[in-house]
Amino acid sequence: SQQGEEDPQALSIQEGENATMNCSYKTSINNLQWYRQNSGRGLVHLILIRSNEREKHSGRLRVTLDTSKKSSSLLITASRAADTASYFCATDTGAQKLVFGQGTRLTINP
Amino acid sequence: NAGVTQTPKFQVLKTGQSMTLQCAQDMNHNSMYWYRQDPGMGLRLIYYSASEGTTDKGEVPNGYNVSRLNKREFSLRLESAAPSQTSVYFCASMSGWARRSYNSPLHFGNGTRLTVT
Chain A
1 SQQGEEDPQA
11 LSIQEGENAT
21 MNCSYKTSIN
31 NLQWYRQNSG
41 RGLVHLILIR
51 SNEREKHSGR
61 LRVTLDTSKK
71 SSSLLITASR
81 AADTASYFCA
91 TDTGAQKLVF
101 GQGTRLTINP
Chain B
111 NAGVTQTPKF
121 QVLKTGQSMT
131 LQCAQDMNHN
141 SMYWYRQDPG
151 MGLRLIYYSA
161 SEGTTDKGEV
171 PNGYNVSRLN
181 KREFSLRLES
191 AAPSQTSVYF
201 CASMSGWARR
211 SYNSPLHFGN
221 GTRLTVT
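Chains A and B are the protein sequences, given in the same order.
Residue numbers for the first sequence follow this note's numbering, so the first one is 1 and each next one is one higher.
Residue numbers for the second sequence follow this note's numbering, so the first one is 111 and each next one is one higher.
Watch out, some of these pointers could steer you wrong.
Claimed, not checked - Computed cross-link-like contacts, SDA-like style, restricted to lysine to any residue with a CA-CA straight-line distance of at most 25 Å:
1. LYS97/A - ARG154/B
2. LYS26/A - LYS119/B
3. LYS119/B - ASN38/A
4. LYS97/A - SER205/B
5. LYS97/A - SER185/B
6. LYS167/B - ASN31/A
7. LYS26/A - GLY150/B
8. LYS97/A - LEU123/B
9. LYS69/A - GLU55/A
10. LYS97/A - THR125/B
What the hints assert, rightly or not - Listed below are several chain B residues computed to face chain A (Cβ distance under 8 Å; list not exhaustive):
11. VAL170
12. PHE200
13. GLY219
These are calculated hints, taken from the structure and not from any lab test.
Glycine included, C-beta positions come from ideal geometry on N, C-alpha and C.
If we strip away everything but chain B, and leave its shape as in the complex, we get (with noise of 0.2 Å):
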């Protein structure tokens, strides 16, 4: 049982590259995120899914699209780069219904830290 995978664990792009984050949880949750972390920051929701099929804007979605690929995959994507994106990136889901309230604790995967240059 490996929770929360999230790959790759380190990345460095150019200015204006593009990168797809993975993640898959083996936990049959139904909802999943996109958090960012960042020094000082906390951890900020780019955006998140309630349910399979369903994605919704959180707190900074600017320059980030997502894709729910099956219950299992909630992928990120950066279609241009910037170095304003640089920070580490956590996938996480919970087995509750995102649209109702969080009444179970969130799972996360170990990150993915991103450098743009």
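Isolated chain A, as found in the complex (with noise of 0.2 Å):
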């Protein structure tokens, strides 16, 4: 099974609204990193939180770490249409990889 999953897979809000996706995973990290993927293009990072970090922020998005629990969410306030897209989750578990959740798929309705 895969180090890092995502949940929900899929996502469908209005626009306006705030969207949360987790991530749980199953061994110990040095950090945890969230990508987001429009259709048809190649993965783009959005925000790094190292294992000693609890929670980061950046513009309309916050990530938060709960090492005990091995989980992490993605929160992007007041939604738009171009969030439209897959966000992944990847885990740097010391191993020399960097593994990759499964996504999970927002859309954002006008």
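Quick one: dock chain against chain with the hints and give me the complex.
Quick look at the structure:
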């Protein structure tokens, strides 16, 4: 099974609402990263949170990390149509590989 | 500043044919990666190169070979394509050293969509 697993697999909300995606992982990590992928494009890095950090903000993005529960969440506030994309978490376990989850497909309805 | 450039964007191969996917980055990054993305499977690492002159296997290396031609370029070769290699292939680069940690973000190209019939 995947080191990082996102939940939900798909999320559809109205423009202006907040979107929350979760990522769970199995082994201890050095850091966790979130990426966005627009349809037909490559992944774009959003935010990196280290294992000794609990929360980070970047514009309308807020990421939390709970190492005791081995989970992270990505909150997008005041969503826009342009936020429609797939979102992936990726974990650095120190094993020389960054392991990606299967992603959450987010749809923002106008 | 183009970032990570992949060619070709699309390719259709017949079973048994060979081809090379090209990747180049202009950010002077040390580490480069090849991933494949399949529906429901997320991204899986095929090979990576922690620095010029070195390459290492990832999670799914069978059926592939790579060459780190210089610091800028990292190519992926399919010697005898199989339908199971139908996928979207992404090249990525990172400024840090892959054998240490991933303290900096990966920069991705826009992918090569490969179909093997």
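Hints, one by one, checked against the model:
1. Only pairs whose Cα atoms come within 25 Å are accepted, and LYS97/A paired with ARG154/B is accepted, the gap being roughly 10 Å.
2. Under the criterion of a C-alpha separation no larger than 25 Å, the hint pairing LYS26/A with LYS119/B is inconsistent with the structure, at around 35 Å.
3. Taking the CA atoms of LYS119/B and ASN38/A, the gap is about 16 Å. The hint holds against a cut of 25 Å.
4. Annotation: proposed proximity of LYS97/A to SER205/B holds, straight-line Cα distance about 15 Å (limit 25 Å).
5. Note on LYS97/A and SER185/B: the hinted pairing holds, with a Cα-Cα distance of about 19 Å set against a maximum of 25 Å.
6. Of the supplied pair hints, the one linking LYS167/B and ASN31/A holds, its CA atoms being roughly 22 Å apart against a limit of 25 Å.
7. For the proposed pair LYS26/A and GLY150/B, the alpha carbon gap of about 19 Å is at most 25 Å, so the pair holds.
8. For the proposed pair LYS97/A and LEU123/B, the alpha carbon gap of about 29 Å is over 25 Å, so the pair is violated.
9. Our distance criterion of 25 Å between C-alpha atoms is met by LYS69/A and GLU55/A, whose separation comes to about 14 Å.
10. Only pairs whose Cα atoms come within 25 Å are accepted, and LYS97/A paired with THR125/B is rejected, the gap being roughly 30 Å.
11. For VAL170/B, the interface hint is violated, since its Cβ never comes within 8 Å of a Cβ in chain A; the closest pair sits about 11 Å apart.
12. Interface hint status for PHE200/B: upheld, as the beta-carbon distance to the closest one in chain A is roughly 6 Å, under 8 Å.
13. Interface hint at GLY219/B: satisfied, since its Cβ lies 5 Å from the closest Cβ of chain A, which is below the 8 Å cut-off.
When the structure is compared with the earlier hints, violations turn up for hints 2, 8, 10, 11 and for no others.
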